[in-house]
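S.K.: Here's the letter readout for the chains.
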Amino acid sequence: MLKKKYLIFCLLLFNVYLFSQNTISGKINNQENIPLEGSHIHIGKKTATSDALGNYIIKNVTNGKVKVHVSYIGYQSIDTLVGLYNDLVLNFKLKELTLRLNEINIIQSRNTINKSVLEQKIKTETIEKYSSQSLGDVLKEIAGVTALKTGSTIVKPVINGLYGNRVPVINNNIRMEDQQWGSEHSPSFDINAAAKITVIKGASGLQFGGDAVGGLVIIEPITVKKDTLFGKTILNFDSNGRAGSLSSSIHKGKLLGWSWNALGTFKYLGDRETPNYVLSNSGNREVNFSGDMKYSNKKYDFTGYYSYYNAQIGILRASHTGNANDLYNSINNMIPSVVKDFTYNIENPKQEVKHHILKANYNYYFDETASLAIQYAFQFNKRLEFDVRRGKNNDRPALDLDLKTHAVNIDYKKNVHDWSIKSGANTVLQDNFANPSTGIRPLIPSYSKIDVGLYSIVSHNFSDSFTLETGLRYDFSKIDATKFYFKSLWDEKGYNSNFADFVAGDYANQWLTKPTFTFHNISSSIGFHKVFENDLNWYTNLSYAARNPNPSELFSDGLHHSLAVIELGDLALDKETSLKISTTIQKKWNSFSVEINPYVNAIQNYMFLRPIGFETTIRGAFPVWQYEQTNARLAGIDTQTNWKINSHWNHSLAFAYVNGKDLTQNIPLIDISPFTANTKIQYSNVKWNHFLIEVKGELVGQQKQFPNNNYTTNIIVNNVLTPIEVDISTPPASYELLHMYSEVKFKTFHKAITTLAFSVQNILNTTYRDYLNRQRFFADEMGRNFQIQLKINY
Amino acid sequence: MKNSKILLITLLILLTLSSCSSPYDTEPIVENEVITTISLVYTPEGGGTTITLESKDLDGDGPKAPIVNVSGKFAQGKTYTGVLTFLNETVNPPVDITKEIKELALEHQIFYQRAGTINSISYADTASNFDSSGKPIGLESVFTTTRAASGSIKIILKHEPNKSGANVAFGDITNAGGSTDAEVVFNIVVE
Numbered sequence: 001m002l003k004k005k006y007l008i009f010c011l012l013l014f015n016v017y018l019f020s021q022n023t024i025s026g027k028i029n030n031q032e033n034i035p036l037e038g039s040h041i042h043i044g045k046k047t048a049t050s051d052a053l054g055n056y057i058i059k060n061v062t063n064g065k066v067k068v069h070v071s072y073i074g075y076q077s078i079d080t081l082v083g084l085y086n087d088l089v090l091n092f093k094l095k096e097l098t099l100r101l102n103e104i105n106i107i108q109s110r111n112t113i114n115k116s117v118l119e120q121k122i123k124t125e126t127i128e129k130y131s132s133q134s135l136g137d138v139l140k141e142i143a144g145v146t147a148l149k150t151g152s153t154i155v156k157p158v159i160n161g162l163y164g165n166r167v168p169v170i171n172n173n174i175r176m177e178d179q180q181w182g183s184e185h186s187p188s189f190d191i192n193a194a195a196k197i198t199v200i201k202g203a204s205g206l207q208f209g210g211d212a213v214g215g216l217v218i219i220e221p222i223t224v225k226k227d228t229l230f231g232k233t234i235l236n237f238d239s240n241g242r243a244g245s246l247s248s249s250i251h252k253g254k255l256l257g258w259s260w261n262a263l264g265t266f267k268y269l270g271d272r273e274t275p276n277y278v279l280s281n282s283g284n285r286e287v288n289f290s291g292d293m294k295y296s297n298k299k300y301d302f303t304g305y306y307s308y309y310n311a312q313i314g315i316l317r318a319s320h321t322g323n324a325n326d327l328y329n330s331i332n333n334m335i336p337s338v339v340k341d342f343t344y345n346i347e348n349p350k351q352e353v354k355h356h357i358l359k360a361n362y363n364y365y366f367d368e369t370a371s372l373a374i375q376y377a378f379q380f381n382k383r384l385e386f387d388v389r390r391g392k393n394n395d396r397p398a399l400d401l402d403l404k405t406h407a408v409n410i411d412y413k414k415n416v417h418d419w420s421i422k423s424g425a426n427t428v429l430q431d432n433f434a435n436p437s438t439g440i441r442p443l444i445p446s447y448s449k450i451d452v453g454l455y456s457i458v459s460h461n462f463s464d465s466f467t468l469e470t471g472l473r474y475d476f477s478k479i480d481a482t483k484f485y486f487k488s489l490w491d492e493k494g495y496n497s498n499f500a501d502f503v504a505g506d507y508a509n510q511w512l513t514k515p516t517f518t519f520h521n522i523s524s525s526i527g528f529h530k531v532f533e534n535d536l537n538w539y540t541n542l543s544y545a546a547r548n549p550n551p552s553e554l555f556s557d558g559l560h561h562s563l564a565v566i567e568l569g570d571l572a573l574d575k576e577t578s579l580k581i582s583t584t585i586q587k588k589w590n591s592f593s594v595e596i597n598p599y600v601n602a603i604q605n606y607m608f609l610r611p612i613g614f615e616t617t618i619r620g621a622f623p624v625w626q627y628e629q630t631n632a633r634l635a636g637i638d639t640q641t642n643w644k645i646n647s648h649w650n651h652s653l654a655f656a657y658v659n660g661k662d663l664t665q666n667i668p669l670i671d672i673s674p675f676t677a678n679t680k681i682q683y684s685n686v687k688w689n690h691f692l693i694e695v696k697g698e699l700v701g702q703q704k705q706f707p708n709n710n711y712t713t714n715i716i717v718n719n720v721l722t723p724i725e726v727d728i729s730t731p732p733a734s735y736e737l738l739h740m741y742s743e744v745k746f747k748t749f750h751k752a753i754t755t756l757a758f759s760v761q762n763i764l765n766t767t768y769r770d771y772l773n774r775q776r777f778f779a780d781e782m783g784r785n786f787q788i789q790l791k792i793n794y
Numbered sequence: 001m002k003n004s005k006i007l008l009i010t011l012l013i014l015l016t017l018s019s020c021s022s023p024y025d026t027e028p029i030v031e032n033e034v035i036t037t038i039s040l041v042y043t044p045e046g047g048g049t050t051i052t053l054e055s056k057d058l059d060g061d062g063p064k065a066p067i068v069n070v071s072g073k074f075a076q077g078k079t080y081t082g083v084l085t086f087l088n089e090t091v092n093p094p095v096d097i098t099k100e101i102k103e104l105a106l107e108h109q110i111f112y113q114r115a116g117t118i119n120s121i122s123y124a125d126t127a128s129n130f131d132s133s134g135k136p137i138g139l140e141s142v143f144t145t146t147r148a149a150s151g152s153i154k155i156i157l158k159h160e161p162n163k164s165g166a167n168v169a170f171g172d173i174t175n176a177g178g179s180t181d182a183e184v185v186f187n188i189v190v191e
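Protein sequences, first through last, are from chains A and B. UniProt numbering numbers the first residue of the first sequence as 1 and each following residue consecutively. UniProt numbering numbers the first residue of the second sequence as 1 and each following residue consecutively.
If we strip away everything but chain A, and leave its shape as in the complex, we get (with noise of 0.2 Å):
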């Protein structure tokens, strides 16, 4: 009976890790993946013995380098040494006696960053396949996770309706800090550095920042605890594109002493194509490096590391518009303005970004329950954007933006029993410079900012079923910036009588100002998790997030090509607050398993744009938005399920809808994602070389709920002055997609294992526009792409 309930119990506890201290729980395989029932497991001076289905899971194991014996009779044994700091999960692939000891494979994972929310998390496998993609690209295999793009390369997070500066970016524990507030901007990340990537929908960690409306996106790298030294190198051919990528990485671990890990990648890619024409310009470059060594000892830790991404990013000729007229022709004429043919080559309009990392990172472990790290991050952003402009000037950027970052962070974690404390200080330091030799007034100001953090999170486990996490963070960020003002612009808007304090120097039609602005923000959240007895786990969580302007927010100030639209900021802005209510539970049967979660996000203050009458310049009449605020709700559900049909076969559903609202002005926000599902069938066999083929079908809805910014222009038509309405305001029409992915794998030379893959986007070449890209007035979106991909463990 006791044992029978002891089984319960680690059925439970498979795949949720429900309790703060280190819990090493896994999978012992045969290397044909069949689970080896009743393996031995030994660790330290606990033992274990694996179920029917292979898991295993020992509680309680004290910190520090613990020995691991895992044995089953007529499979060759294993033994290693693990460092233990953490919840651990090993998985282990046993070989037969006759044949040599090939592989373990071994997976950190960290302490949960909040226990009352279910992380999602995407697995390197996953992440491989997306090899040539991007960050966002990636991430959308999460439901409630879309994409913000333009064109078909800059691709940002969108989590549950909300992206930008609510998403924060951590990437190795850096936030990441490279113009994230404009829209055109997509994270500076070599999405082949990810080993792991998790998203938290909700501004509950926050050990990362207390500003996170929407939730955060958290990028782990590889890290080899176990004496060891491979390498893999990933070539992808993509057909639409015409080329492809090719990264490669070697990692040396060592449990005591030196490690290493040197990633490089390359890719390039020429126009992309629709069904029915080249997107002119939309090649891109990347070229990337990151590198770090660790020296491990029994009481501490050192890291050093580096990272480099450089990138050319070609925009959409035909998305560089003049004014209100030129953005019809283009909405109507339902072509691009420029089609040429098939090339390489990338014009202007183009982004030219650089992103360097460079941090430090010392761990202390005081005992076996406490821990102190030490993190300085330095990073320098380097942004050139080209635009079309006349004769020699295309050489000049149009924008020129260094953004250099300083970073400490200082963290300390402590568990004793069921307690388990993380406190922590940071520290950023930011200066952004943006070069007048543009001979263009800059979308945002040269400033420097100053960040300081302290937070404290606790969590509790009541009882084995039940923990209760709380945390709680305050902020202080001081803002100083330098900008002109056209005069008129300054009456305009009521500066002269607001902020006269600001004004520092006087030129002609311009003044100089020296706005500064001083935020002291508080954020908290708290939640718990309940395990009940049939593998059911309830989640819920409150969090209170409060985000300060961001630069662009506060001082934009000038026309945005693509939208035929002056964008103004408000110095009078104040910061938005966010209260999240969400919830999860999560069941699991023997082969069904059913995530559902759905959450109200209250906002006070929310910033967003908002047309607010018209200005006619040279070029002719613009409408003017201008950042306002005011209060909104969003609220959602995302469901995801996975069904285990049998050994072979296995189908996943996932969809998620969200709805946003302007609750003072009661129309709905503009750009929130419409409903989408994917759904997903996979077949696969271990006795055909690994062999595993699946189909993917992806749904977007068309967006009903939409706030109508359409306007009136004059055009003339035969002779006569006629107004006509630009509709900027309508969501183009839901479409379906259809993918697939097949891989096989085979020994190649000694110890390499090769994975071969095939793989289709959008199988029927299907034509369509998405509503969250900020090309859609100009092009469609990608046809089809035939993938090839190589990939070489060794």
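Dumping the calculated BS3-like pairs for lysine-lysine here, alpha-carbon to alpha-carbon at most 25 Å:
no.	chain 1	residue 1	chain 2	residue 2
1	B	135	A	392
2	B	64	A	487
3	B	135	A	340
4	A	644	A	121
5	B	64	A	514
6	A	661	A	575
7	B	56	A	493
8	A	487	B	56
Quick list of the computed label-pair ranges, beta carbon to beta carbon:
no.	chain 1	residue 1	chain 2	residue 2	range
9	B	122	A	243	44 to 52 Å
10	B	132	A	231	50 to 58 Å
11	B	172	A	786	38 to 46 Å
12	B	164	A	231	51 to 59 Å
13	A	331	B	79	36 to 44 Å
14	B	43	A	719	18 to 26 Å
15	B	125	A	719	20 to 28 Å
16	B	92	A	736	53 to 61 Å
17	B	164	A	275	21 to 29 Å
18	A	730	B	172	26 to 34 Å
19	A	494	B	92	23 to 31 Å
Short derived list, chain B residues pointing at chain A, Cβ under 10 Å:
no.	residue
20	30
21	31
22	32
23	36
24	64
25	151
26	162
27	185
It is worth saying that the hints were derived from the structure and are not from the lab. Just so it is clear, CB atoms sit at the ideal spot from N, CA and C, and this is done for glycine as well.
We have chain A already, so just place chain B on it with the hints.
M.R.: Quick look at chain B alone, frame taken from chain A:
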């Protein structure tokens, strides 16, 4: 206790680092490419009053609308030859953008549209009004008046239009594409 230690370290680091903030000394950006002024001067053949149409917008994308001015009324039964100039008056001395347009003639074309009862405006057929591939630039135009009329002229400067698109060489903007660098409407009267 530990936390206070951490706080102390943070503050120390903050103090050391905050001394290196760098204010950038500034002058307003010199915007060389901006077009502030469009000026179209119509001279009647065989003598008469010259008519100047001008639009000036000194604050660029700022809230002030361009100041549009038409110097007078056109006379009936005359042929006017027009010369268009574009200036950037945000800098001193002003930059003549017309020169750049001529130098990059292959990637520019000016379109004239009309509304109302006035006659249409055509491209002048002088050699200087054409680019090296024989396509019109459109800086020079001809406006022939007959009877009394009124209406408006819309002038559009296109950057990188498709100059070989159907009817584009005849001044029809429909298939021109490209992006608009300047656009203005003048209301005129012929009497």
